[in-house]
Each structure stands twice: as structure tokens, then as C-alpha cells.
Amino acid sequence: MRKGGFEPLVPYPGRSVTPWQSRCLAQGHITYPTLNNVKDKGTGCDSCRLDKVRAAWLEKEAPRAIIDMKKEGFIPVAPYPGSRERWPSVHTACGQLRHPRLDSVRRGHVGCKPCAMRIVGDRMLAANSAQAIADIMEVGVEPTAPYPGTGKAWPGTCLVCLAEVAPRLGNIRAGGGPCQKCAGNAPLDPEAAATEMLAAGFEPQGPYTNMGSPWKCLCLVCKTVQNPRLKHVRNGIGCANCVGLAPTDPAKAAAYMMERGFIPLTPFPGSVNKPWLCTCNDCGREIRPRMANLYRPGHGCRFCATGGIDYDAPALVYVVLHRQLGAVKVGVTGAGLRYDRIHEHQRHGWDAYRSQLFDTGELAERTEQAVIAQLRARGLQPFLSATDMPQRGWTETFARGVLPEEEMWKLVQTVAE
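In UniProt numbering, the protein residues as written are 1 to 417.
Calculated from the structure, these hints are not laboratory results.
A virtual CB, placed ideally from N, CA and C, is assigned to each residue, including glycine.
Be careful, since some hints might not be right.
[As the list claims (entries may be wrong)] Label-pair ranges, simulated between beta-carbon atoms:
1. 337 x 387: 40 to 50 angstroms
2. 124 x 256: 56 to 66 angstroms
3. 221 x 392: 47 to 57 angstroms
4. 71 x 96: 10 to 20 angstroms
5. 188 x 162: 15 to 25 angstroms
6. 138 x 249: 50 to 60 angstroms
7. 285 x 349: 35 to 45 angstroms
8. 274 x 392: 17 to 27 angstroms
[Stated by the list, open to error] Simulated pairs of lysine-lysine, DSSO-like, Cα-Cα distance not exceeding 30 angstroms:
9. 274 x 70
10. 231 x 216
11. 60 x 71
12. 70 x 3
13. 41 x 70
14. 60 x 39
15. 60 x 252
16. 41 x 52
17. 274 x 216
18. 152 x 231
19. 39 x 70
20. 252 x 216
21. 71 x 39
22. 39 x 52
23. 60 x 70
24. 71 x 41
25. 52 x 113
26. 113 x 71
27. 223 x 252
28. 223 x 274
29. 3 x 71
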């Protein structure tokens, strides 16, 4: 057997015509030759013989295979492995190494997934382009670039004020405006902002940043330094000190909290906008209300509130998505309800993605708020507006293109752990 090129792996079976398990010394194949065939007929390894036949066939077919691959834009960088095996090749369209099968390429498949997806996307854009142009022209914008898709900024010219704009068609179809300047949301000139603040009774003491950022100013009435936001001033909110919303005396602040039914457990935090650990006189629970919220009607102890979720009953943290608006949302709802917030969102075109049960509404809300806090720390702001969500909850929405529902749910699970 060894002279014939085989190493027996088991004892001699006793008969020369019985298959004998052996290893081919040439290629290491496990095979079952008979001693009679090896000794008298000179039979070699069947696997080696088939390998030689296959190698000869591949060598013969390789030139035609290479020609077919090059016709479809692929340059092979390895020997031809057969029509059904993956063949390392460089795709000339993108210059990337891919592994298409010759059979698939011959049937007309692109063979490069990223390029195939791009081709499909281009075809969809081309098919939808006419309607997209009609939609954006209808709201007063003339495109200056090809249609990029509903979720991408589309450069154009506002036909009302002639400003260069770049709205997203998805936002426009959802009811959003196409031009910030026409809507009054365009970045404001610092001098114009200062003039507006002076007219409202504030003298700026520092540089203007934007409408949503605190701006150090001197109140011209009480002569105290405040940090109002221009957007709040535009909504009629004036000096916090003048309307009694910013007590600097800790004793007065504590007295006001007790007047509203809360017993402070820690010293005044120094700002009416900071949480203050207190005990509710009605339910005895520890909560952290903000004084600024207590000045508004209807704001008090969340555990005593008659609306919203029951903080002592089981509740769900859920993630829903709206494919047309391109938005994803995290929220909280009571568990076991016949009609909950998830059903309410579904009535407005949202799809449920995942939900997780918590023992109490308090724990569920704490998880939701921790998720939102992490997203805010990343710089993510609400994606939709109140007009987009008549059922409320727009402040917990995010762009699905930036934060897919899978990533949002993974964050919920991480926080819940």
C-alpha cells in the first residue's frame, strides 16, 4: 500500500478485495482503495484523480470565464475557482474588492452589493423625480440640483425672498416650511437681535449666540443681570426677577415651596430651574420639582397628578417609528391598558418597534428620561414639531436617518440594565 502511495489508517481487513481506509500520501485525502487494485492494477487515489480532472477543466474554462467577468466590469485577482464559487475580483465601477460568482454575473446580477443598491436608488430617484420637483415647486422653491431623496437637503431658491435654501422634501410633505427666512427662523443678525432685546427691556451685556441660548443682559426695570433667551422674549416672557420667579433669598424660596405643598429636604439649589429635593405633603413621596414649573398652573407632584401614567403601576418603555416622516420616538405608557399611547401613535401612522415592561411607572419614566438625556448629550434635538404630532410627544422624536430604531432600542436596554 505504501509503495502505491497510501498510508493505511486501520489494520489490514484480511482480504485483498475489501476496501482499506487509508490516507493518500500525495494530497492527504482519506480514501478506501483495495489492496488488489493498488497492487495488481496500479490504481491511484480517486480524489487526486478527480482533482486533476477538475484542475484541467478549470484551466480550460478560465480564459472564457475571465472574458465574461471583464465584460461585466470585474477584474479577477485569483485563479478561476469554478462558476459557482466566489471569485475575488476588483469591481471597476467602484474600485473595491468583491467576491461575485461567475454564474450570478452571467445571469445579469451586478455582483457588487453597494453598487447594486446605488443603481436601485438612482432608478427610484429618477422615477420619483418629476413628482418631487412638482411638490417642491408647489411650496415656492425652485431646485438648483438633482433630486437627492426625501431625507436629504435639496438646494434651491426660494421664489418669495430669493434666498438660497436647502429644505428636505420629507419635512415639506409632513407640513414643514421650505424657507427659514420667510418663516422668521433664519439666523438673526446680532445688531437686530440686540435691538429686539432693548425693545423688550433688556440691555445686552455679552455677545449674541442664537435665539435658544441664554444671553447675559441687564434688566432696564429692576437693574438686575439676567440670562433671558431671545425666543422666550419673543413669546412674551420677560424678566424673571420682575415677575417674582427668581428669589435670591433661600428662606423666601423655601417658604414658597412649603406654600405649594412641598417640604424642602436640601438647601435652595441656587436657581429656580434646578431640581430641588422635597417631600410632598399630600403623598409623602420624595420628588425633585423645579420652582419655575410650580409657577405655572397645573404643575405639582407627579405622583398626585390625576393625568398621565400611574407611577406605582406597571408601565412600558416603547420605541415607535414613522417611515414617511423619517422619525423614531421613545416613550412611556401604562401597561395592560385597553387603549394606550402606542395605539394612539399607531392611529397617526406610527409603527410599533419594541417595548419593555417595568414594575412601576416611576422606573419606566426614569429609564426614558435617562435615554433622552444621553441623546441630548450627543447633540440630538427633537426632529418633529408639535404640528407633526397632534397626539403630543414630539419632544422625544429623533431623525431615523441619524438614530435608527435598532440603535434607539439598544440604548433603552443598556439604560434599563
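Point to revise | Indices of hints not satisfied (ascending) | key: Violated: hints 1, 3, 9, 12, 13, 14, 15, 19, 21, 24, 25 and 29.
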